[in-house]
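Chemist: The lines below spell out each chain.
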Amino acid sequence: MPGRHLISAPPPRLLTRRLALVGAGGLLASACDSARPHVGFLGAMERVNARLQAALFDERQLAPELPPEETTPPGAFPPYFISDTVPLAPPGWTLRVGGMVARPANLTLAELQRLPSTQYRIRHHCVEGWSAVASWHGVRLRDLAEYVGADPAASYVELRSFDSGYWSSWDRPSAFHPQTLLAYGMNGQPLPPEHGAPLRIYSAVKLGYKMVKYLTEVNFLSQPTSGYWEERGYEWYAGV
Amino acid sequence: MLSCRAVRAAPLRRPQPWPVRVAHWVNVPLLIIMAGSGLQILAAYPMLGPRGRPYRWFPFQGAIPPEWARLGDWLAGARQWHFAFGGFLALNGLAYLLYLAFSGEWRRRLFFPRRDARNALGTLAFYLRLRKEPPAQELYNGLQRLAYTSALLLGILAVLSGITLYKPVQLGALTAVLGGYDAARALHLLTLALLGLFTVGHVVMVLLHPRSLVEMVTGGRKPDAR
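Top to bottom, those sequences are chains E and U. Note that this note's numbering numbers the first sequence so that position 206 is 740, with each residue one more than the last. Note that this note's numbering numbers the second sequence so that position 110 is 540, with each residue one more than the last.
What the hints contain is simulated information worked out from the structure, not anything from laboratory work. Using N, Cα and C, we set each Cβ at its ideal position, and we do this for glycine too. Any given hint could be a false lead.
Cβ-Cβ distance ranges computed for the label pairs, FRET-style [as the list claims (entries may be wrong)]:
hint, chain 1, residue 1, chain 2, residue 2, range
1, U, Pro543, E, Leu590, 45 to 53 angstroms
2, U, Gln567, E, Gly609, 28 to 36 angstroms
3, E, Gly609, U, Thr629, 39 to 47 angstroms
Computed footprint of chain U on chain E, listed as stretches where at least three residues anywhere in the stretch have a Cβ under 8 angstroms from a Cβ of chain U [stated by the list, open to error]:
hint, region
4, 609-615
5, 626-637
6, 654-661
7, 757-770
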């Protein structure tokens, strides 16, 4: 009798060892796409790690201030911008401060310089792995937030520039760290054009690409936004 | 005394209990991913030392790691690979350490100079053909204990220096202990080089003694079950 078996056949093996190995490799490859690292497993782990980093963050933890002899020779501190030539501030440049603030403002450099100023010499950490030292002076972002009356519910800060649309966005605790400032000076001089004149953000707690130069806008927001390099695959939190 | 207890504790166990085997084999893909993505990260700036000043002891200043050894295509991809899997490597190491501590396996696996130095030297002399017979051994000889303990310490150092590079400011105390950001970077690369060297030696020894590979897969027989 066809179809009748004395000994029942083993169930078809849906998952052989070979298939499992090939499948695991394929899954790993598709879940870990180096070209689109924000999706799949890599992206999920980025979000886990961002939470860990945020939990670890302590605003009282300051980067050590370094003595003048540690200063990197100016030629060895690489300038960075995405435009073809050094971006220069448009005439009549002001910093627009907006979003969830009580008193939106357009501030000139002179007005910013009348706010309380802060100076420190700390180490810069680039995503590429090099580090460099300079001193920076300017106004703390938290002091500016107080000046414009930023809403406590604004959990994110977005920074925009006139460098061909370069931008980024930060979590509020990092933006309000006492060593996060809007710098208008470097090594005791006015900020040079190569390093973001007239105004850039400088911080002890983020990697270099988060520190937007050539600022035009600071927006206090309730939702996170992305950034130039973040859209291209670099991690968003990028704390140090 | 330590050695007496080791002799008594050993015979009841398989040569390689399952937690040891799991931790060992889980390490293989993780170490490959960490080394490959780490070398791709290094390729973005293949120098050690602060910008503008070379790191004195690094002989490969500016040399980009070969393409075949790199993973992650570009800096952002490699960083995501590195940080996605680094935590699992640390957790696996932690689980292994906890198992060693609570099972008593540390007695027959870790190197203790007073107990193992003589045996290690004797084994080395045997390998160098300065001595005809190897010294008596239990699960491992002194040289093996030295190698495995060193690899474990290197792994711990790799994780600690890696965490320092990830959080040089928030974990400033750890950064200071390791001598600063650039020293930690050099140390992190040094642990990779030494772990790579260990792996080469490890694989050569496995090829010379294939039974150890079988044991690392099956666990081997309990000595009293023969």
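Chemist: For each hint, tell me whether it holds in the structure or not.
Modeler: For each hint, the structure was consulted:
1. Our hint of 45 to 53 angstroms for Pro543 (chain U) and Leu590 (chain E) is violated, since their Cβ atoms are close to 37 angstroms apart.
2. As the Cβ distance of Gln567 (chain U) to Gly609 (chain E) is approximately 60 angstroms, the hint placing it in 28 to 36 angstroms is violated.
3. Between Gly609 (chain E) and Thr629 (chain U) the C-beta distance comes to about 41 angstroms, which sits within the given range of 39 to 47 angstroms.
4. With 4 residues having a beta carbon nearer than 8 angstroms to a beta carbon of chain U, the region 609-615 of chain E meets the requirement of three or more and the stated coverage holds.
5. Here's how the region 626-637 of chain E fares: 0 of its residues keep a CB closer than 8 angstroms to some CB of chain U, so the rule of at least three is not met and the hint is violated.
6. Only when three residues or more bring their CB closer than 8 angstroms to a CB of chain U does the claim for the region 654-661 of chain E stand; here the count is 4, and the claim holds.
7. By the rule of at least three residues with a Cβ nearer than 8 angstroms to a Cβ of chain U, the coverage given for the region 757-770 of chain E holds, with 5 such residues.
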